[in-house]
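*Asks:* Chains A, B and C are the protein sequences, given in the same order.
Note that numbering that gives the first Met the number 0 numbers the first sequence so that position 508 is 507, with each residue one more than the last.
Note that numbering that gives the first Met the number 0 numbers the second sequence so that position 307 is 306, with each residue one more than the last.
Note that numbering that gives the first Met the number 0 numbers the third sequence so that position 68 is 67, with each residue one more than the last.
Think of the hints as simulated: they come from the structure by calculation, not from any bench.
One thing to keep in mind: the hints can contain errors.
To give an idea of the chain B side of the interface with chain A (calculated C-beta under 8 Å), a few residues [said to hold, decoys possible]:
hint: 1; residue: 33
hint: 2; residue: 34
hint: 3; residue: 35
hint: 4; residue: 43
hint: 5; residue: 46
hint: 6; residue: 54
hint: 7; residue: 96
hint: 8; residue: 163
hint: 9; residue: 168
hint: 10; residue: 265
hint: 11; residue: 267
hint: 12; residue: 271
hint: 13; residue: 272
hint: 14; residue: 275
hint: 15; residue: 280
Some chain A residues close to chain B (C-beta under 7 Å, calculated; not the full set) [unchecked claim]:
hint: 16; residue: 53
hint: 17; residue: 240
hint: 18; residue: 252
hint: 19; residue: 410
All residues carry an ideal CB built from backbone N, CA and C; glycine is no exception.
Each chain, written out:
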Amino acid sequence: MSRDRCARRAVHRLLAVLAAVTLTATGCGAGDSDTSGAPKEGGTLTMMVGVDTRSFDPALNQTMSPGAEASRLAAVYGTLFWRDVETGEVKPGIGKSIEPSDDGKVWTVKLRPNIKFTDGSPFNAEAVAYNWQRLGDPELRSPAYTLAKDPKFEAVDDLTVRITLPKPNFEFDKTVASAFTFIASAEALKKDPEGFGKKPVGAGPFKLERWVPGSETTFVRNENYWEKGKPHLDRLVIKPIPDATQAVETVISGGADLYTSTLNEITDRAKEAGLTTKTADSGGGNLNFFNVKRAPFNDVRARQAVSLAIDNGQLTKVMDPGQASKRATSLFAEESPYYDKSLQLPKQNRKRAQQLFNELAAEGKPVNFTFAGLAGSSYERAVQYIQAQLNQYDNVNMKIKTVDFASASETIYIKRDFDATIRPAIQAVTTPEPALSDTLETGGRTNVSGYSSPEMDAALAAGRAASTEQDRIEAYKKLQRIFLKDAPMWVFGNGDPNVIYRNHVTGVHMWEEGTVRFEEIALTE
Amino acid sequence: MAIPFLGVLLRKVAHVLPVLFLVTLGTTALVDLMPGSPAATILGPTATPEQIAAVNAEYGFDDPLPVRYVEWLKGAVTGDLGNSLLTQREVLGDIAQRIPVTFQIAIMALLMALVVTIPLAVYGAANAGKRLDRALTAFSSGFMSLPSFVVAVVLVYLLAVEAGAFPVTGWVPITESLGDNLYHAFLPAVSLAVIEVGFFYRLLRGDLIATLQEDFVLTARAKGLSGRYVLFRHALRPSLFSLLTMAGLSFGRLLGGSVIVEAFFALPGLGQLAVNSVPFKDIPTIQGIVVFVAVVYVLVNTVVDLTYTLIDPRIQVR
Amino acid sequence: MPATPLLDVTELDVRIGTPRGVVHAVNGVSLDLDRGETLGIVGESGSGKSMFVRALMGILPSGATLNGSVLFDGIDLTAVPVGQAREVWGRRIGMVFQDPMTSLNPVVRIGRQISESARIHLGLNRRRAEELEVELLGQVGIPEPERRRRDYPHQFSGGMRQRVTIAMALACEPDLLIADEATTALDVTVQKQILNLLQRIQRERNMAMILVSHDLGVVAGRTDRIAVMYAGRVVERAPTPLLFERRRHRYTDALLGAIPRLDHPPHARLRSISGTPPDMATLGSGCAFAPRCPAADDRCRTEDPPSASESAVAPQPTGSAVSEVSAESLEASESAGGHVYHCFHPVAASVPTAPRAADTSEVPG
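One chain only, chain A, in its complex shape (with noise of 0.2 Å):
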């Protein structure tokens, strides 16, 4: 009958679209290239990503992922300075210079003149030393805070502010370039402190125009954008959406245009479906986290023998089959200035691996350990990988515990209460400054490790301090031998930016950890 083809064949069609979602898609299609088409003026461009908003204030933004609140403040307050997402270069936005004093401990930015916040107020120096403040106010709890709490902000004069460091920092730039980029209204914050998150004021290419949580965020063009002739399109649509696949699918089918993803094997889909996809070399990537501040990983051999144990190439794959998964080879990107390819992360190396496990075995401190994964599938795939791998040596036992993203938040990055554990995000390591820092430094903001070497803070310090480059370079091989004789984190795989988008869409280019210009971004005739 042909009642039955039918049904063999929406089963058919079932799998293919499972296989989709859980194999490896073989890619052909549109590359990395822009296709050029005359850019108009106007239209609306609807992007989709991970996580609704939560606010719009600034100063309580938790993550510079594009695919979380990164991507909507960026629309209402525009950047005042910004990293190129490759190289890490600090480059202008609203703010006109940034730059060091001798010693590097006082910064001095300037800004353009006659900028105006789109409630009318000035952008100016006070504006912007009053933002900064902010940030530094316990009582704000910002997770800025630890950043903003020591520096000193003052407006010099109407266009100059100056930051007073209480170490020299000559990398400080790229922090006010990441966490200090969104500026607001200071006029509006005081008038309304509490409404602020929902009625925000800015400087940006776009206006807030409409807010529907769980639904869409709408932006109209700022007329008054301080760049002659941006932002191109008329109107921003953000919409939030769970689940990558069905993003994916509906950039595919047209029902939005740009979708910023992490995963691969997304990528691998949109360009087999013939979207135009861009991705940002970054560096750095996926890594596990390992507590060593307490047994087993206490021990550097405990923390050797496990990423010695496993093959990187693989369990990046495992994690996401997408094809341009790989192994992570270096702690920082060829691009970067501070790569060295003397400086290799160790390959998979058995034998070794063995050893260090059975050695530390016969001293009484057997590697029996229990991995905080995370919900979610590709995290679980990933951990399961490594459970199964780790079978096959002896003295080696791991077991598995999996939680969800809210309570990881509390058990894992602020109790630390943990063996090993997987990041949920990736990390662009082209510099060291501010994030990398801020994992390895002793007290770092996100140095969920515990991992206190002097060694280590010195070659940080020193990096900082450095006021020619060749020091810095110095300093930062000094950081990746200390890395790889430490072993704080264990850097498995690579975990690139992709901008995913319609053929329609054009100038898109990426910042800090893969958050799109919106200034710059025009759809096609």
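With chain A's structure known, arrange chains B and C on it following the hints.
*Replies:* Below, chains B and C alone, put in the same frame as chain A:
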């Protein structure tokens, strides 16, 4: 109509108050058992233990469970469900904003299911045991055991990705454009309706078969009325009780929000609000949804009870 | 009298497939009925009498098969398309069922139930239908018909409901009314009222009527002829007075013996029929009554008794109420329908046993 409805409703609400009390208290307790504190949600992963302590003190997260519950209850009885810990928005407003989406999907799913089920079940019952009836019964069991997300995946693949006939995800409010609204609501509603069709079909077919054994059906046939007339005008109405009860329950359940379908289609409904709130321990929002769903259940059941009297004049509402 | 009878049933068979096997519910029944004539069909439950009338009305249970012919006014209801047969059912034949508590749709107002057949068959509009409802309710003796037609069945007592079902059956002014155990479920006093009502209406409208009952007493005074059914067959049929006077079949005899009589001494034991009716799924050859029959011999158990008949006498008008049995009327009715029975050992002597308590019902004990 108005008077009995109000009276019945009030009585039902009185019945449900203890239930509401237990359910909300239970929710508070259950959320308490979940690892992690809401403070971590508010502050994010970079928070310091001192900040956590400060937030816990400020929001009273450290207070014993009964104290926290009573605090919440005080607000709730005055209609103040508090603010979301996640977004600081008013919970009542957030729920109110999402109801239209969930409500529309639920109504559409229910109507689709009924429109499909009733004729099929009447046909199946009239031809009980014959080949097509057996096939329909087998299909209905299949439908019942199909999870809605599988239906959603298949529908999206066939109708949206392959055929491009419907959008993959998204939502357009009815106030913006009715056509676009229905266009976006169709696949989610069908995904939910399919399972209901399975349940409804079995229920109605069974009841109809029982009704067709009744003497009054013989009487009607002896009047020389056509088979279809007898089925629809005489047998259908007395057979609707179980279906109505079931549809009421389904409607209540659907109004609670279909978590999976809403997440899959990125619909800004109540289910998605719930699914976003639970992992972040956004207690005020979770409680608000629980109260809302409980009240909706009561309302729907009251309406169902009243419809019984419309179907069968012998039933008195007490 | 017209040449063809109103109803002419020939060799009617009803077979019902059940999990236990095929039940031969009706076996080769032939009966006829003239316009204005009243026929009683009597038998124990399970004798096939209800299946027989259901076969006439085309409302056999699903899985039942029907053979033979049912000619109604020349139309073979078993052969014509069902749409054409529906023009007869409900319109020219009305039917009243046994249990008025269940035979009315509980969720439909009685007015609509009464008039719907007329609305569909005769195309009555709403106003005419309402008039008809009121008129019929009045005729069957329901007070305040204007108001009551809006009521639901549960708002009526059992007797009143049966009046409603009679009104329902009369809606299209049928030529034939079938009352299947129409009074069995009712109180004794109500039974009589309903039977009187049926009789009155039958006479007023000069309808033919079939009264089906397990109780000979019910049909005794109200029918022109009686057919006695046993195990799906008509074992004896005769004009009513004749059947009571000169019953031949042993089963008829036994049935009559089961009726309480006023001339019995008080507290005297009633003669009941011993044994149980046969299993219709495993019925073999021979007289079906043989296992319960005091006169049965081996022949009765192996051979089907052929039909035998009594001779005819002088003509007599039909439709008369037979209250007193006289020799003349007996002879008269014998000629009107003939007296046919199937028995190898017919009851020989004629014993006057016609019951006077015609309205009594159940056999106590």
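*Asks:* Evaluate each hint against the coordinates.
*Replies:* Verification of the hints:
no.: 1; hint: 33; verdict: 7 Å, holds
no.: 2; hint: 34; verdict: 4 Å, holds
no.: 3; hint: 35; verdict: 3 Å, holds
no.: 4; hint: 43; verdict: 3 Å, holds
no.: 5; hint: 46; verdict: 6 Å, holds
no.: 6; hint: 54; verdict: 7 Å, holds
no.: 7; hint: 96; verdict: 7 Å, holds
no.: 8; hint: 163; verdict: 6 Å, holds
no.: 9; hint: 168; verdict: 5 Å, holds
no.: 10; hint: 265; verdict: 4 Å, holds
no.: 11; hint: 267; verdict: 3 Å, holds
no.: 12; hint: 271; verdict: 5 Å, holds
no.: 13; hint: 272; verdict: 6 Å, holds
no.: 14; hint: 275; verdict: 7 Å, holds
no.: 15; hint: 280; verdict: 6 Å, holds
no.: 16; hint: 53; verdict: 5 Å, holds
no.: 17; hint: 240; verdict: 4 Å, holds
no.: 18; hint: 252; verdict: 5 Å, holds
no.: 19; hint: 410; verdict: 6 Å, holds
Violation of the numbered hints given earlier is absent; every hint is satisfied by the structure.
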